[in-house]
Amino acid sequence: GQQVMQIPQYQHVQEGEDFTTYCNSSTTLSNIQWYKQRPGGHPVFLIQLVKSGEVKKQKRLTFQFGEAKKNSSLHITATQTTDVGTYFCAGVYSGAGSYQLTFGKGTKLSVIP
Amino acid sequence: DAGITQSPRHKVTETGTPVTLRCHQTENHRYMYWYRQDPGHGLRLIHYSYGVKDTDKGEVSDGYSVSRSKTEDFLLTLESATSSQTSVYFCAIKAGAWGETQYFGPGTRLLVL
Chain A
1 GQQVMQIPQY QHVQEGEDFT TYCNSSTTLS NIQWYKQRPG GHPVFLIQLV
51 KSGEVKKQKR LTFQFGEAKK NSSLHITATQ TTDVGTYFCA GVYSGAGSYQ
101 LTFGKGTKLS VIP
Chain B
114 DAGITQSPRH KVTETGTPVT LRCHQTENHR YMYWYRQDPG HGLRLIHYSY
164 GVKDTDKGEV SDGYSVSRSK TEDFLLTLES ATSSQTSVYF CAIKAGAWGE
214 TQYFGPGTRL LVL
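Going line by line, the protein sequences match chains A and B. Position 101 of the first sequence, counted from 1, bears residue number 101 in this note's numbering, the numbering being contiguous throughout. Position 7 of the second sequence, counted from 1, bears residue number 120 in this note's numbering, the numbering being contiguous throughout.
Hints in this document: simulated from the structure, not taken from any laboratory. Don't be surprised by glycine CBs; every beta carbon is placed ideally from N, CA and C. Don't take each hint at face value.
[To be verified] Residues on chain B that point at chain A, a partial pick, calculated with CB under 7 Å:
(1) Y144
(2) G155
(3) L156
(4) F203
(5) E213
(6) T214
(7) Q215
(8) F217
(9) P219
(10) G220
[As the list claims (entries may be wrong)] Keeping only pairs whose Cα atoms sit at most 27 Å apart, straight-line, the calculated DSS-like set for lysine-lysine is:
(11) K57/A <-> K36/A
(12) K59/A <-> K70/A
(13) K108/A <-> K124/B
(14) K36/A <-> K59/A
(15) K170/B <-> K70/A
(16) K36/A <-> K170/B
(17) K51/A <-> K36/A
(18) K36/A <-> K70/A
(19) K70/A <-> K57/A
(20) K108/A <-> K56/A
(21) K124/B <-> K36/A
(22) K70/A <-> K108/A
Make the full structure from the sequences, and use the hints.
Now the structure itself:
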């Protein structure tokens with residue numbers, strides 16, 4: 001089946017350092033979404049990327065979608081303790097599965113104050 | 114939070130007993146989903162529904178059944194719970210500007226002894 005690989009699985013950073021998580025699919029995606037899950041919480045939608053090469057920013061968060069629409073990244077500049085949580089990418093494939101999300105396994109971010 | 118509630122929020126049960134989890138939404142969304150979340154596996158789709166009495170299997174459907182007799186309610190049943198079904202279960206609906214974003218309920222923590 002279709003899979004979205006996400007790395008790294010864990011990341012520990014000092015507060016103020018940058019953080020990046022990467023997602024990769026072996027086949028072309030229709031779009032990719034990013035979710036954040038705080039400890040003990042539920043996944044919360046952050047953003048959706050649809051166009052090839054698309055870059056979107058939300059304050060200190062920068063999201064990119066690759067030119068081939070097979071990979072994506074989330075970069076956080078100058079992490080804060082409020083950034084703690086697990087970040088998931090979720091891919092949507094064209095065709096019959098377009099109503100489903102295929103989630104990466106997530107990157108758990110710890111921020112050391 | 115897209116008006117999604119889950120009940121119960123926590124449950125402890127014994128192996129071999131039936132368990133039913135309920136997801137309730139208030140905004141008349143067509144698509145509803147059940148996921149399980151386990152450490153190291155991310156979010157995995159169990160079953161989904163695309164309308165009243167219309168359901169289909171996801172990636173990890175063995176041991177689970179679902180029913181949707183009303184638009185607002187999506188039930189997940191473990192006919193005979195096993196310890197491997199100890200997990201956190203999330204319900205989600207599909208909504209958003211492009212109709213592909215998913216919004217999650219608060220989750221149900223299930224422990225099967």
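Okay, the hints, checked on the actual structure:
Residue-level restraint check for Y144/B holds (minimum Cβ-Cβ distance to chain A is 6 Å; threshold 7 Å). Proximity of G155/B to chain A holds as hinted, the smallest CB-CB distance being about 4 Å (cut-off 7 Å). Taking 7 Å as the C-beta contact cut-off toward chain A, the hint placing L156/B at the interface holds, the least distance being around 4 Å. A hinted interface residue such as F203/B counts as satisfied when its beta carbon comes closer than 7 Å to some beta carbon of chain A; here the least separation is about 6 Å, so the hint holds.
Here the hint on E213/B is kept, as its CB sits about 6 Å from the closest CB of chain A, short of 7 Å. Evaluation of the T214/B hint against chain A yields a held restraint, the C-beta minimum of about 5 Å falling below 7 Å. At a threshold of 7 Å, the smallest CB-CB gap from Q215/B to chain A is about 6 Å, leaving the interface hint in force. A hinted interface residue such as F217/B counts as satisfied when its beta carbon comes closer than 7 Å to some beta carbon of chain A; here the least separation is about 4 Å, so the hint holds.
Contact between P219/B and chain A, as hinted, is supported at the beta carbon level, the nearest pair being about 5 Å apart and thus within 7 Å. With a least beta-carbon distance of about 5 Å to chain A, the hint placing G220/B at the interface is held under the 7 Å criterion. Among the hinted pairs, K57/A with K36/A is consistent with the structure: their alpha-carbon atoms are about 15 Å apart, no more than 27 Å. Annotation: proposed proximity of K59/A to K70/A holds, straight-line Cα distance about 25 Å (limit 27 Å).
A hinted pair counts as satisfied when its Cα atoms are at most 27 Å apart, and K108/A with K124/B qualifies at roughly 26 Å. For the given pair, K36/A sits about 15 Å from K59/A by alpha-carbon distance, which is consistent with the 27 Å threshold. Restraint check for K170/B and K70/A: the C-alpha separation of about 25 Å stays at or below 27 Å, so the hint holds. Using a Cα cut-off of 27 Å, the hinted pair K36/A and K170/B holds, with the two alpha carbons roughly 25 Å apart.
Between K51/A and K36/A the alpha-carbon distance is near 21 Å, which keeps this suggested pair within the 27 Å criterion. Proposed proximity of K36/A and K70/A is supported: the alpha carbons are some 20 Å apart, at most 27 Å. For the given pair, K70/A sits about 19 Å from K57/A by alpha-carbon distance, which is consistent with the 27 Å threshold. The straight-line distance between the Cα atoms of K108/A and K56/A is roughly 22 Å, inside the 27 Å bound, and the hint therefore holds.
Between the alpha carbons of K124/B and K36/A the distance comes to roughly 25 Å, so the proposed pair stays at or under 27 Å and holds. Pair hint K70/A plus K108/A holds up; C-alpha atoms about 22 Å apart against a cutoff of 27 Å.
No hint from the list above goes unmet by this structure.
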